[in-house]
Each structure stands twice: as structure tokens, then as C-alpha cells.
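Participant: Taking the hints into account, I'd like the entire structure generated from these sequences.
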Amino acid sequence: MTEWTPSAIEARDRYLEKARIRVASTGADPAEVMEDLRQHIDREIEQLRLTVVTSEDIRRILSRIGLPDIEIANGSERSPVSTLRGRGRFRRGLSNVSLVLFGLVLPAVALGFELVTGFCRDAFFDPIPSWGHIVLVAMVPLANLVIWWATRRRWDAQPWALGAASGASLAISLYYAALFLPILPIAFLGLAAVIYFGLGLLALLPMAPLLAFISGLFLRRRLQREILKKAGSRVPGSRWGFVAALLAALVVSAPDYVTKLGLSIAASESPQQSLRGIQLLRAMGNRDFLLRACYRSMGGPADLVTTLFFSKAGTSPDKVRTIFYRVTGEQFETIPPPRIGLRGRGLAGMDFDFDREQGGETVAGRLKGLSLAESRLDGVVDPDAVAAYVEWTMVFRNDHGAQREARAQILLPEGAVVSRVTLWINGEPREAAFGGRGTVRQAYERVVKQRRDPVLVTTCGPDRVLLQCFPVPPNGEMKVRIGITAPLQLENLDSGLFALPRLLERNFKIAEEHRHAVWIESPRPLAAPGEGIITERTGEGLHAVRGRLQDRELAGPAGIIRADRSRDIAYAWTGDPFGKPGDLVLQSVETATSAPPSGVVFVVDGSAEMARHLPKIAATLQGFPSGVEFAIVLASDKATDLVSLQQATPENLGRAGGLVRHIRCKGGMDNVAALLRAWDLLAATERGAIVWIHGPLPVPLGSVEELRQHFRRRPHGPILVDVQAGPGPNRVLEKLEDVSAVRRAPYRGGAEADLAALLLRWNGKGESFVLRRAKATQADIPSAHAAKGTDHLARLRALDEILSILRSGDKGRLDEAKELAVKYQLVTPISGAVVLETAQQYKDAGLNPADPRAVPVVPEPSTLILLAGGLLAARLLTRRRGRHPRV
Amino acid sequence: MDFFDNWTVQMRKGLLELCVLNALEGGERYGYDLVKLLTDIPGLGITEGTLYPLLSRLRVQGLITARLEESPEGPARKYYSLTPEGKRIVRLMNTHLDLLARGSRSLRQKGGTS
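Sequence lines, in order, name chains A and F.
So the mapping is simple: the numbering used here equals the position in the first sequence, first residue as 1, plus 4.
So the mapping is simple: the numbering used here equals the position in the second sequence, first residue as 1, plus 590.
Please note that a few of the clues may not be correct.
Derived Cβ-Cβ restraints for the label pairs, each shown as a range [unchecked claim]:
{"#": "1", "chain 1": "F", "residue 1": "652", "chain 2": "A", "residue 2": "243", "range": "28 to 38 Å"}
{"#": "2", "chain 1": "F", "residue 1": "660", "chain 2": "A", "residue 2": "52", "range": "15 to 25 Å"}
{"#": "3", "chain 1": "F", "residue 1": "618", "chain 2": "A", "residue 2": "105", "range": "35 to 45 Å"}
{"#": "4", "chain 1": "A", "residue 1": "222", "chain 2": "F", "residue 2": "694", "range": "44 to 54 Å"}
{"#": "5", "chain 1": "A", "residue 1": "10", "chain 2": "F", "residue 2": "618", "range": "32 to 42 Å"}
{"#": "6", "chain 1": "A", "residue 1": "53", "chain 2": "F", "residue 2": "660", "range": "14 to 24 Å"}
Worth flagging that the hints you see were computed from the coordinates, not collected in a lab.
Ideal placement from N, C-alpha and C gives every residue a C-beta, glycine not left out.
Facilitator: Take a look at the structure:
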């Protein structure tokens with residue numbers, strides 16, 4: 005093998021360079037001539053049998069060969085007039101510049117531009133949806149750079165590697181050229197319409213893959229000529245590189261086209277097909293792709309496989325959101341979308357820019373710039389009257405440039421009602437008007453369109469209200485307050501529980517460091533387990549719990565306040581401020597039967613959210629009363645009988661617990677089919693109960709109407725006891741607002757504790773009570789064991805009557821119910837509360853705002869002391885008479 | 591350059607292509623051997639460096655063709671041959687040259703001793 009010294013190589017290269025310049029002006033092919041001369045030199049060296057070629061050898065050989073004599077070489081050809089040297093250099097220079105520009109710079113710039121701005125993703129499709137794609141695309145300019153540099157320097161050390169790099173670069177640029185083919189005409193138009201420099205260059209970007217491919221071909225020719233010295237023949241390694249890169253592109257894109265395929269099947273109208281698609285997505289789908297597809301953006305990833313083989317139009321974002329929930333069990337708007345590189349447009353955070361639900365009846369996703377700035381809960385608990393009143397004041401802040409509507413779904417304590425709504429306008433509190441549900445909603449929507457200041461509160465399910473406040477001004481704040489009248493939940497006659505209201509769903513952010521300021525007072529001792537809560541006796545002789553709670557703490561045991569009460573007090577009464585003078589309301593506390601139902605079917609939600617709750621729930625089930633019939637139905641992709649109807653024994657309860665513990669929770673499940681199955685199992689059972697244990701159900705799946713029909717047509721059929729694990733909306737329960745059979749399990753701050761309390765009651769170890777409220781006269785008020793309550797008793801009585809009318813289904817009495825709700829200023833399924841800005845707006849809507857003197861308030865300490873004094877007097881009276889109540 | 595030098599240059603320019611075409615008329619030749627053959631022609635005074643551009647130009651003009659043949663001894667070898675057009679042109683050129691040569695000789699005989 006012949007070895008060349010570096011100076012010999014240099015001497016040869018210098019000669020060839022000079023020869024090339026001379027030949028460029030002739031009619032000969034310079035590349036061909038250079039190759040011929042190079043081979044001739046090699047042949048001369050062979051003939052001389054040199055083992056080491058020195059510059060001296062080269063000089064001797066070259067002096068014999070000589071430089072091309074153009075005049076002679078042209079022979080009979082006429083020499084061109086132009087400057088020979090300049091033209092050759094110009095052509096060579098232009099070739100180099102083109103290769104560098106289109107083979108190296110343009111692909112690199114296109115990649116960088118897309119990484120930073122996401123322009124193509126937003127306008128057409130996402131060409132680099134994953135890091136794998138970015139690596140492949142980056143390979144094109146890198147491979148071209150290596151090949152270009154190698155041909156310039158004539159590095160022939162690794163020809164196979166260079167060939168493979170060439171093949172890979174061609175494969176990737178061809179793949180992307182095919183992807184961008186449909187939008188090339190737009191790019192050409194863009195180029196033609198150059199208005200100024202930047203705009204024209206932008207149009208080049210979609211052409212980058214095609215231009216890179218063409219440059220790659222030219223580079224491959226150079227490779228053949230300069231390195232491999234076999235002009236026109238096969239480049240070793242090129243085929244391997246091409247195939248490997250193409251396979252890599254297909255593999256990297258596999259999650260995308262598998263997901264697209266799964267999506268198109270899941271979106272099918274056929275339930276069986278749809279389920280197959282969901283299962284495919286759960287097994288092999290790409291979560292990031294699905295999440296991106298949930299947004300109203302055209303920027304879904306593109307891959308060659310679906311572009312070539314699936315011509316069906318994409319699935320609408322609304323449908324994708326439902327599919328996303330079914331596949332993952334998560335609500336898309338609660339998850340930050342994936343980010344790649346610095347691209348922040350379009351999918352910036354989990355916030356929406358445009359509020360498409362403004363003025364509507366859905367909370368929808370988080371809005372950019374909207375947050376809860378301040379929150380305070382002020383309340384008073386009257387344990388002897390088994391009632392409480394709390395005011396939740398919220399300040400919303402909008403850091404966005406556009407007006408925003410703040411919306412939230414609030415879960416009230418069981419049996420509670422909103423009895424006051426206040427909005428601050430220009431620093432002044434304005435009380436809401438109460439009216440028919442349709443009337444207040446119309447008034448609100450009308451004012452929202454005019455971009456004025458309204459607040460609307462309506463019910464949206466059992467013990468649920470929807471709060472809507474508009475507009476929260478750009479870079480400004482809005483302050484609202486809702487007052488909630490609630491009965492306490494009696495654990496026993498000695499204590500009652502008051503659960504603070506909490507947010508189930510919201511379209512505004514709550515910062516991690518945000519805290520709700522809580523201040524609840526009572527004439528009786530209070531206790532609250534929250535770490536941020538102080539329990540104290542005030543200087544005025546009252547009891548208080550005060551402190552700060554995180555939002556998630558509100559939804560847990562920390563949000564429950566226990567109040568001591570006097571077990572002697574069996575009655576509470578008050579004057580009716582909305583009735584005639586002398587009208588009273590009397591409430592009695594009666595012990596209810598705590599016998600278990602004759603048959604219980606547990607419906608267990610198999611959604612992903614339930615996975616962490618099931619072990620404890622399985623353990624809690626062991627407390628089910630023996631001898632009672634029970635079954636378990638699993639709400640999964642199909643309603644499945646996990647345990648058939650049988651009498652409970654410790655053994656089969658143990659087996660049932662094991663089955664529940666091992667449920668494979670996945671995605672988001674449709675619970676309605678399972679509830680219907682449970683109802684059917686108990687259809688013939690008197691005093692049956694369906695205990696529905698589920699996570700949040702934020703996406704409506706399936707129709708609830710059939711379920712409503714079952715419960716409405718048989719009001720004495722099985723009851724539905726709701727046990728929810730984790731805070732969040734429940735789209736099924738929202739539609740069962742008018743079903744009297746729906747109950748809530750005793751609330752203890754968590755599904756497992758709630759279920760345990762329920763089973764304890766059924767086992768006869770826990771007590772349950774019924775509060776009966778009725779209109780009364782002075783003569784009806786017992787002389788003993790009775791305490792004076794507050795106006796809230798009158799409101800709760802009115803609520804009882806309204807709900808009774810609604811549940812009776814007597815349409816003839818709906819107006820009566822509505823009038824009652826308006827009179828007592830209550831937000832019920834048939835009424836709402838709206839604050840409007842001006843008197844004219846109220847007049848136009850036919851509404852009257854509440855008299856500020858008549859709205860409920862959190863009483864001053866002095867008032868509470870009076871109340872305490874009244875209670876003490878009642879107690880002393882009881883003791884003197886020596887009576888012990890039997891309740 | 592004196593008169594004679596200039597004339598030889600003009601002669602080379604005129605005859606070089608004919609020499610190449612004539613060398614190939616007998617059949618295909620290996621490029622290296624062809625070049626060696628032509629550089630050895632006395633009076634032609636041509637170098638390899640000049641011949642390769644000429645060969646390339648003739649190929650581009652379609653008068654000769656080249657093919658590569660794999661060689662066990664080293665890089666592929668290039669073989670040249672005439673195209674049909676080349677064969678036609680070389681016939682015409684040779685006929686023309688013979689005519690000129692006869693004419694020139696006849697002038698010398700008439701001008702010399704008879």
C-alpha cells in the first residue's frame with residue numbers, strides 16, 4: 005500500500021486546483037478531467053513502484069504531465085471571451101454556497117425556528133412532536149455538514165460511515181419532504197409575495213426538507229467523486245443508512261399513528277368499536293399526543309403513515325377530550341400540556357386564552373390570568389338549633405388583558421342553601437335579586453353581552469351551586485360573597501358537624517401558597533382538626549375556630565367543624581321574618597331508625613382515580629352488617645357483577661374485599677350502566693340501597709336520562725347513597741337534582757371515613773336523626789327543651805317545602821315553589837340569585853334586589869352572647885323542672 | 591514566439607483531435623495507454639495534462655465515449671472508444687487531410703527540381 009506524505013498530497017491538490025481553473029473555461033467536464041488526472045498520477049506512481057510518495061516525486065510526475073494548455077486543449081474550438089479563472093471560481097463558489105445554505109443552514113434554521121416559535125405546529129401540523137423527531141431532523145444538517153467538510157478536506161478514512169450518513173440524511177429529508185408536500189404550493193406563493201425580507205425567508209422554511217434532500221443528492225455526488233473516487237457508482241453504507249433512518253422515523257412516529265388510529269376507532273359511533281379504540285389507546289396510545297389533540301389547535305403531530313394511509317379527517321377536540329378522559333381518567337384541563345423546546349404558543353401552560361363558555365352553564369378549563377386572590381369564610385354555628393350560617397367572600401384577580409368570567413361549582417354542606425349573594429361594585433356592596441331560575445339566567449346573560457357587572461348563582465346538582473361573576477376586569481379584581489344557610493349533621497345529640505363549603509370545579513387558578521381564611525364562632529365549644537386552625541374561647545365568652553386552610557384541606561377532614569350541643573334541647577324555634585307578624589317556625593330533632601336496608605348493592609367505580617382508595621374501601625366493607633343481602637357491581641368498560649347478591653357473612657365479605665382490592669382501575673369509566681344494573685338488582689327489594697363509591701366524574705359519559713327515569717318513576721324504590729372519593733364535579737349527580745332518592749353518606753372528610761360512618765349507622769352503632777321543621781304559633785313552642793334559633797330556621801323550613809313540592813312532581817305547584825324561593829331569597833333548583841349593576845337592569849328583568857336590611861348576616865359577638873344567654877336560660881329551666889328528654 | 595513555433599502550435603491545434611480519433615479508430619483503448627501513446631508521437635509535443643481535457647471535451651461533444659471497468663489491481667479503469675458520429679467525423683477528417691497533404695506535396699514537387 006502506497007503512503008503519501010502530507011506535502012505530496014498538498015502538491016497534488018494544488019496542481020489539481022490549478023488544472024481545474026484552466027479546464028473550467030473549456031468545453032470539458034472539470035470534475036471528469038480532475039478525476040482522470042488524479043488516476044493518471046496514481047498510475048504513474050504505480051508504474052514507478054513507489055511505496056512512499058514524496059512531494060519531490062509528485063513534482064517530477066507533474067512536470068511531465070504538465071498543466072492543461074487551454075489553447076491546445078480547445079483544439080479547433082473557439083475559446084470563450086470571458087475570464088477563465090473568474091468563471092470557474094464563481095461556479096465552484098456558487099455550488100459551495102448553495103450546498104451550505106440549503107443543505108446545512110436552512111434545515112438547522114428551520115428546526116431552531118420551529119423549536120422556539122412552534123409556527124408550523126400552530127399553522128399546519130407539528131413536525132417535531134417528540135425528542136426523537138428533533139434528533140432525527142437535527143441529523144440532516146449535521147450529516148450534510150460532515151459530508152461537505154469531508155469532501156472539502158478529502159477525508160477518506162471512513163467512507164462507509166460517510167455513506168451511511170449520506171443515506172440517513174437523504175432518508176430523513178425525503179420523509180419530511182413528503183410530509184410537507186401538501187403545503188409546498190403555499191410556500192411557493194409565500195415566496196412569490198415577498199413583501200419584505202423576513203416574510204420571504206419564512207416561506208422557505210416549508211421547503212427546507214426538499215431543498216435539503218436535493219443538496220443531499222449533490223453532496224452524495226461529491227462524495228462519490230472526491231472520497232470514493234468512483235463517480236456514479238454505489239456509495240457503500242448509503243443503503244444501510246437510508247433504511248436505518250427511515251425505520252427510525254417510522255419507529256419514532258409509531259406512538260403518533262397508533263394513537264391516531266386508536267382515536268379514529270374510539271370516536272366510532274358503535275360502542276363496541278369505540279371500546280376497542282379506547283383499549284388500544286390505553287395499551288399503546290401516546291398520552292402527550294392525546295393531550296395535544298384535546299386543544300383547539302391545528303397543530304396535531306403529522307406522520308407519514310397516517311398521511312398516506314388514513315385519509316379520514318381528524319377527530320374533533322371535544323370528542324378527543326371525552327376520549328382522553330376515558331383513556332386516562334384525567335380531565336385534560338387539569339394537566340399541563342407537554343412542552344418541547346421553548347415552544348410556548350398555543351399550548352401555553354394549561355390555561356386557555358379564549359373563554360368559549362363565557363355566559364354559559366359550564367365551568368370549563370382554567371383561564372389564563374384568572375386567579376383567586378383572596379378568600380375568607382366567616383360563619384356562626386348554632387348547635388342547639390342544629391343550624392349554621394357561613395359567608396364565603398372571594399376576590400378574583402385578572403392579570404389578563406381581556407375581561408374574564410370567573411366560574412366555580414361549589415359543594416354546599418348537606419341540606420344547605422344559598423341565602424345571600426353580594427357583589428361589590430365600585431367598592432359598594434350590592435345585594436342580589438332572587439327570581440325564577442330562567443329569569444335570573446336571562447338577566448345575567450343579557451348583561452354579560454353588554455359587558456356590565458353581574459353575578460349569578462344557580463344550582464347545578466344536589467347541594468351544588470354554580471357561581472358566575474363577570475366581568476373580572478383586565479388587570480383588576482372583583483369581590484363577591486355568598487351566604488350559605490346550613491343544617492348541622494348530628495353525630496349524636498351531644499354534637500353536630502358543620503362541613504365548610506368547598507370548590508368542586510373552577511376556571512381560575514389557586515396558587516399553591518394561597519389559604520382560605522376561616523373564622524367560625526359559636527356560643528358552644530367548637531373543634532376542628534386542621535393544622536392551620538386555632539380553637540379558642542374569646543374574651544366575650546364565645547367559642548371560635550379560626551385559621552387558614554389550603555384549598556385541598558377544605559375538602560378533607562380539616563374542613564369539618566364539630567360543635568358541642570346540649571342533648572336536652574330537642575326543639576328550636578324562631579320568628580319567620582318573611583311571614584306575617586307572629587308567624588313562627590318550630591324545628592324538632594327526632595331520632596330516625598338506623599336499621600340497615602334490606603338489600604344493598606355497592607357500585608364501585610373502576611376509574612383510575614379510585615386506585616389509591618380501593619384498599620381502604622375494601623377494608624371498610626368488612627364492617628357491613630352480617631345477615632343483610634349485598635352485591636357489588638363494578639363500573640368498568642362494561643357493568644360487571646363482581647359479587648352476586650348474597651347474604652353477608654364474614655367469609656364472603658372477606659372474599660368481596662379481596663376482589664375490590666384487586667380491581668384494575670384504569671381510565672375514566674361510565675358509571676351509569678353499573679348504576680342501572682344495581683337498580684335492577686334491587687328492583688324487587690323493599691328498602692334497598694345502592695351505595696355508589698366513585699371518584700370525580702368530570703366528563704359526561706353516557707345518558708343519565710334512563711337512570712332518572714328509574715328513580716322518578718319509582719320514588720319508593722332503592723335509594724342512592726353517594727360516596728365520593730376526592731373532590732371534583734360529578735356530571736351524573738348534577739342531572740339527578742330532582743331525584744328524592746339521592747342521599748349523601750355521612751360526611752367525615754373522605755370516602756373511607758364516610759363509608760365507615762354509614763356502615764356504623766347500619767350496624768346500629770351510630771345514630772341518625774331527622775330534623776322536622778314546620779310553621780308554628782306561640783302555642784306550639786314547648787316550654788322546655790327548646791332553644792331560640794335564628795332566622796335561618798325559617799329559611800330551612802322554606803327550603804324543605806320547596807324541595808317537597810319539586811319532588812312531588814306536581815307541576816301545578818311550581819309557581820308556588822318559585823314564589824316561596826323568591827320570598828325567602830333562596831337559590832334552589834327552581835330559583836337563582838343575580839346581582840345586576842343598575843336599577844334599570846333590575847327593572848328590565850322584572851327583578852327586585854334584596855333589601856340589605858333583610859339579608860342574613862354573620863351576627864356580631866354581642867348577638868351571639870345573647871343567644872348563648874338564651875340557651876343558658878333554657879338549660880337552667882330544664883334542670884329546675886327535673887325533666888330528662890327522651891329522644 | 592517565432593514564426594515556426596507559432597506554426598507548430600497551430601498545427602498541433604488542428605491535428606490533435608484527429609490524432610486522438612485515429613488512435614481510437616482501431617478499437618477501444620485504456621485511457622492511460624492512449625495518453626501514453628499520443629504523448630510519444632514525435633512532433634506532437636503534447637502532455638498528459640493537456641490530453642485529458644481534450645478527451646473530456648470530445649466525450650462531451652459526443653465523438654468518443656468512455657466506460658469504467660472494475661480492476662482487481664486498483665481503481666476502475668476508463669476505456670475510450672469512438673461513437674458512430676466519431677467514426678464518421680474521423681473518416682471525413684482523414685479524407686480531408688489526405689486531400690490537403692496530396693495538394694501540399696504536389697506544390698512542393700512543382701516548386702522543386704523536376
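Participant: Look at each hint and say if it fits the structure.
Facilitator: Hints and how they fare:
1. F:652 with A:243: 28 to 38 Å: Holds, since residue 652 of chain F and residue 243 of chain A (Cβ atoms, about 33 Å apart) stay within the stated range.
2. F:660 with A:52: 15 to 25 Å: Given about 24 Å between the Cβ atoms, the range holds.
3. F:618 with A:105: 35 to 45 Å: holds (43 Å)
4. A:222 with F:694: 44 to 54 Å: The hint (44 to 54 Å, Cβ to Cβ) holds, given that residue 222 of chain A and residue 694 of chain F are roughly 51 Å apart.
5. A:10 with F:618: 32 to 42 Å: Holds, at about 38 Å.
6. A:53 with F:660: 14 to 24 Å: holds (22 Å)
Every hint from the earlier list agrees with this structure, and none is contradicted.
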